[in-house]
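Student: The chain contents come next:
Number of protein chains: 4
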Amino acid sequence: METLLYDQNVDLLHTTVKTMKALVYHGPGQKSWEDKPVPTIKVPTDAIVKIFKTTICGTDLHIMKGDVPEVTDGRIIGHEGVGVVEEVGTGVTNFKKGDHVLISCITSCGKCEYCKKGMYSHCTDGGWILGHLIDGTQAEYARIPHADNSLYPIPAGADEEALVMLSDILPTGFECGVLNGQVKPGDIVAIVGSGPIGLAALLTAQFYSPAEIIMIDMDENRLEVAKTFGATKTINSGVENVLERIKALTNGIGVDTAIEAVGVPATFELCQEIIAPGGHIANIGVHGKSVTLHLEKLWSQNVTITTRLVDTVTTPMLLKTVQSKKIQPNRLITHHFKLSDVVKAYETFGNAAKEKALKVILTNE
Amino acid sequence: METLLYDQNVDLLHTTVKTMKALVYHGPGQKSWEDKPVPTIKVPTDAIVKIFKTTICGTDLHIMKGDVPEVTDGRIIGHEGVGVVEEVGTGVTNFKKGDHVLISCITSCGKCEYCKKGMYSHCTDGGWILGHLIDGTQAEYARIPHADNSLYPIPAGADEEALVMLSDILPTGFECGVLNGQVKPGDIVAIVGSGPIGLAALLTAQFYSPAEIIMIDMDENRLEVAKTFGATKTINSGVENVLERIKALTNGIGVDTAIEAVGVPATFELCQEIIAPGGHIANIGVHGKSVTLHLEKLWSQNVTITTRLVDTVTTPMLLKTVQSKKIQPNRLITHHFKLSDVVKAYETFGNAAKEKALKVILTNE
Amino acid sequence: METLLYDQNVDLLHTTVKTMKALVYHGPGQKSWEDKPVPTIKVPTDAIVKIFKTTICGTDLHIMKGDVPEVTDGRIIGHEGVGVVEEVGTGVTNFKKGDHVLISCITSCGKCEYCKKGMYSHCTDGGWILGHLIDGTQAEYARIPHADNSLYPIPAGADEEALVMLSDILPTGFECGVLNGQVKPGDIVAIVGSGPIGLAALLTAQFYSPAEIIMIDMDENRLEVAKTFGATKTINSGVENVLERIKALTNGIGVDTAIEAVGVPATFELCQEIIAPGGHIANIGVHGKSVTLHLEKLWSQNVTITTRLVDTVTTPMLLKTVQSKKIQPNRLITHHFKLSDVVKAYETFGNAAKEKALKVILTNE
Amino acid sequence: METLLYDQNVDLLHTTVKTMKALVYHGPGQKSWEDKPVPTIKVPTDAIVKIFKTTICGTDLHIMKGDVPEVTDGRIIGHEGVGVVEEVGTGVTNFKKGDHVLISCITSCGKCEYCKKGMYSHCTDGGWILGHLIDGTQAEYARIPHADNSLYPIPAGADEEALVMLSDILPTGFECGVLNGQVKPGDIVAIVGSGPIGLAALLTAQFYSPAEIIMIDMDENRLEVAKTFGATKTINSGVENVLERIKALTNGIGVDTAIEAVGVPATFELCQEIIAPGGHIANIGVHGKSVTLHLEKLWSQNVTITTRLVDTVTTPMLLKTVQSKKIQPNRLITHHFKLSDVVKAYETFGNAAKEKALKVILTNE
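Residue numbers (this note's numbering), protein chains in the order written: chain A, 58 to 422; chain B, 58 to 422; chain C, 58 to 422; chain D, 58 to 422.
One chain only, chain A, in its complex shape (with noise of 0.2 Å):
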């Protein structure tokens, strides 16, 4: 009898299950906008988001080529976005329906030995997941595992499409580059990659006052942006010898911080030619390749070199900035492309150089 009215309920929810758009992973080089369950709550601790904003990363390109083995056929992209809470969990206490909310790129269950230490990235039951190992954001809903440790509530009044950029690229910016660089008042910090990490970098380091940020790139457009985002100094590398320039401007003894914001091996190298003793070099860019550490020469040079996928723990604070002004995330958005163009927003994103692109908005309308 229990057993008959339950399956009454299983096909009735099967006639009315919801339907919503996403962009579809399908492959190297193949995906599609195309239809999806809406999704459910899994567990108590989810939370299902309708989306209102979201974006593309410099990932997600990685992802389309292959790149990412993880991923496979049928995953739907993104892990950014913000929007409102559609449905929570009974285990969730901290949103409710109708919220609006941040959506961080690193699930943090909050109760592992990593997320106890705030190393959210390598949290077991959680870390960068979305649009990886489960659905995503460029969809028009998303469901969020552990929602009351990976959503921030965003507050009343707060420019929700600037705070896209705190879902990932600005606590990236910030944890990995500035952070992790140390970058204090008076310092030299070079940043070396103009796109829109290495601005989301420059961005933040203007936190801690320092007092020259060199911004290092072949791309004379965004060698532009940057002077307006606060750069002191800008090197073209593709016509400068920065060695040469970055030696001019420290009387030759080198930067206390070095930002490598590009992941090829050629960047990580000139962030050791450059390093002052005692400097920081602060890794962000997602290396495919291994590089040649130059110990013979760095043994003795009290040099700190750091990595990290970023941990997303310093977004209460990030978000305290935004409200206060001391920082304007919009800056960092060039483009404005309707959810359901996602796949020509790719288009643009994947020629950023020529079309000028650091970051996309993409309004779920």
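Because the hints were derived from the structure by calculation, they are not lab data.
Be aware that a few hints might be false.
Identical copies go unnamed one by one, so any copy, or any two together, can satisfy a pair.
[What the hints assert, rightly or not] Straight-line Cα separation of at most 20 Å, SDA-like style, residue types lysine to any residue; simulated pairs:
hint : residue 1 : residue 2
1    : Lys-354   : Thr-181
2    : Lys-383   : Gln-239
3    : Lys-413   : Ala-219
4    : Lys-304   : Thr-181
5    : Lys-382   : Gly-287
6    : Lys-284   : Gly-295
7    : Lys-88    : Lys-395
8    : Lys-383   : Glu-269
9    : Lys-284   : Leu-306
10   : Lys-382   : Thr-291
11   : Lys-88    : Gly-115
12   : Lys-107   : Met-77
Could you slot chains B, C and D onto chain A? The hints should help.
Tutor: Relative to the frame of chain A, chains B, C and D by itself:
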């Protein structure tokens, strides 16, 4: 004419100049215990120290092979030792004739930008100069520049022989390995290399009560020594699979801190393989070649890699730990020689494995 | 009438409700070992723990005197203990029935602003609530809210009795005294108060190898205990001039760290008198009155004064130090009772000086 | 013969001993601008600086009232200024005649235990001695002991007048208030006292991008100034209920950092009332009386209270922030006088509220 005058002066001086015995480098493979003038005060901040006890460093072996090209023919070798102040310049205020002193391997002026931030290793008028750029301590007397900041008073009743270990080896193991490695109570630490420097790191790591200190080496004798020094586990990398052992000992996670105390690519490679997410690789080894840094794996592992030439900024702290018997540095001493037998001592120290030698003490009797 | 109805209800329940014995507070000076319903899961993040061993805290004595007005008639006392998980709510994922667990005195939700920054003591849905705002652990069973973040798994083979010391006393001495006091190798530390908390600070201070730990108390027995626990000096403040002794022991400079482990104005005053320039005063004591802060003297002394309600954020670290035998918490245990003899245990613990009692263990047999 | 010549020189000198004008303290309420001998090198580490610009400190007013008993009749007052090196002792190597220099209010020998740990304020042969224990800078010339560590080179092209603010007031606000208060991006900071020191804290707090800086004072003019200096909120404690306002501004939680910049019991009391759990109270004020510390409330609030006499260890960092225009110290300067009008300048500075005076500049023309 001028030469003549000069020679005359020399002759005149010759009749009164005091001479001493010293170990002199005469090019690769060439050294001798020979007569040299007793050093004299050159600038007011100098002190002349009558050497009481000194030792030989692994670096001295490299010098003797010709691996350190800045060391030129005629140089007196040695950068460690204790002794008695024989004379001080007019600018020296912390010491006077008759004071028993510990000589730091690092000369610090106390007033350059680096010294002011505790990075004495890069002192613009000091750093490692003894037995390197100026004459050193394997002699009956040595001139110590910037004496007020480069000598330390020996507390009454101290075991002066033991304090020779504080000239270089203990601060090196402590600062470059333990402090940079951020060893904490309850941690799992691996030390790659159980030579004198690795053992110095082992002794000083225990200041912070890690749960495990795993010592890795190919020399079974040195591993036995490590056990008596406080290693909780030892791994003979010549006969065991280190990576498998470490995995078994750490639930597959790796170690919190890996201290590199050898200085070759293979040992630095090992450190990268065994480090846990969030862990610290602290390099002590003097590297002659570049190494491969596996950023393709480590970029997301939140690791910190440090290098350092010892600053000896912790010498006052280490003196307190020795005086309070928190550490017994004399356990590193395996052999004793008269200073006049220094050439024989080099032979023993140069065959450390066969001789089961850690540190030798040379006494100026 | 209502009573009748109530009794009927009770009778009805009686056929199924399980009862247990527990120590219940009934107003100042009134407590009894009486029947209470076995607690049940109230929210999905709860666990029910069958108490194996518990203890009495100095705070419990204060409660019994009526000094803690938030504790109301009918409350089961106690906030320490180890036990076995009897049942978990559907939201608990780290533990299951049968797991042996350590109960933290501090309840942490793991998802409020305070928990995220490691300040569990101020958890907005937890903090110190056990045996205070909700029923506690001096009972056969206890309900532990937010079990995933408030219980810790007991490693196989551990001395479970010793781990009762990790519920409160060891993290309190360690976090509020040793960590806040920034104890370093070679330091001179004074601990004012040689009761259980002061002794916990003494045990954990040794993680950092200070040169001297000077224990100050008026109870000669406790000072004798302190010596066996690692105190390098003891001062009986009842018969000696503490300030003169400290001056003599520190060349007139004072101590690097002064840990206040009593909670009265006179002991805090003493800490101010004996602190060296640049030193740290770490308050552990629960104070009932304001104290005088001598800013007219201290304003220029570069001192740091800290207060803290224990966060138990170091419990995982402490568990590792216990498992690796860097500390023997069971040395704090002087008396054993059956849990059912808890009233007698209170008498003994309440006459600690006479009974030479430190911590008592109550076993639920 | 040589002796004779020497004596003649002495005689010659004697007749020509150079005199200068200086502000001399002659007991409480007694000062005069009078002739004094130009200071000469006493020990080889001295330098004689011809004062170019100096200023008056609140402490100087206290001295003039007789509140600083160590200052005796005949003392030249003043511990701030910039000037030109006139002569250096033989032990000075960082400076030579003609160098433009910033004088630190704190003299540092660079070689005592305190200097080695960056606590120059407690230098055993220095600290605050200028215009206190030895003659100071409100004069045409000043002798600066330990010149290599107590003077700083003025960069070419710098606004020298602005740098007078770096002798004392800016490092004081920064080290004692901002650094000790651990101001972080996004924080809420309250500064109690909007005088020159409080404003120096306000300027330098902005190095770390706090969300809010709430300035509290009773002088409406100074609060107006604070707004133009970057205060985000001001509270006139003479007419508003500070506690209520702070509660309203912080959701009832309190401020992350409270900086005490007055030095009386009432303002320190206020800091205790407004501090959030986990917050920092950083005392800058020079207190003449003890204060009440509410440990009965604060013992469990995880607060940190710091005191500090400025060390000026951040002077190099501050110079970099001035040179890179991260801060405009000259905004603190409200009045200008000739050095010879110093007595008049004292009158103006002594009536700061009425004169709307912050810092005065005295120029030696």
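Student: Does each hint hold? Answer for all of them.
Tutor: Each hint, compared with the structure:
Within a single copy, Lys-354 and Thr-181 get their C-alpha atoms only as close as 38 Å, which misses the 20 Å cut-off; across copies the closest is 18 Å, which meets it. In the homo-oligomer, the alpha carbons of Lys-383 and Gln-239 lie at most 20 Å apart both inside one protomer (19 Å) and across protomers (18 Å), since each shortest distance falls under that limit. Taking identical chains as interchangeable, the C-alpha atoms of Lys-413 and Ala-219 lie at most 20 Å apart only when both belong to the same chain, with a minimum of 19 Å there against 42 Å between chains. Proximity of Lys-304 to Thr-181 under the C-alpha cut-off of 20 Å is restricted to the inter-copy arrangement: shortest distance 18 Å between copies versus 44 Å within a copy.
For a Cα distance limit of 20 Å, the shortest separation of Lys-382 from Gly-287 qualifies both inside one copy, at 15 Å, and across copies, at 13 Å. Only within a single protomer do Lys-284 and Gly-295 lie at most 20 Å apart by alpha-carbon distance; the minimum there is 17 Å, versus 45 Å between protomers. Proximity of Lys-88 and Lys-395 under a CA criterion of 20 Å is satisfied intra-copy only: 17 Å inside one chain copy versus 68 Å between copies. Taking identical chains as interchangeable, the C-alpha atoms of Lys-383 and Glu-269 lie at most 20 Å apart whether they share a chain (18 Å) or sit on different chains (10 Å).
Proximity of Lys-284 to Leu-306 under the C-alpha cut-off of 20 Å is restricted to the intra-copy arrangement: shortest distance 17 Å within a copy versus 35 Å between copies. Taking CA atoms no more than 20 Å apart as the test, Lys-382 paired with Thr-291 passes between copies only; the shortest distance there is 18 Å, against 25 Å inside one copy. For the identical chains of this complex, Lys-88 and Gly-115 are intra-copy neighbours only, at 16 Å inside a copy versus 60 Å across copies, given an alpha-carbon limit of 20 Å. Within a single copy, Lys-107 and Met-77 get their C-alpha atoms as close as 10 Å, which meets the 20 Å cut-off; across copies the closest is 48 Å, which misses it.
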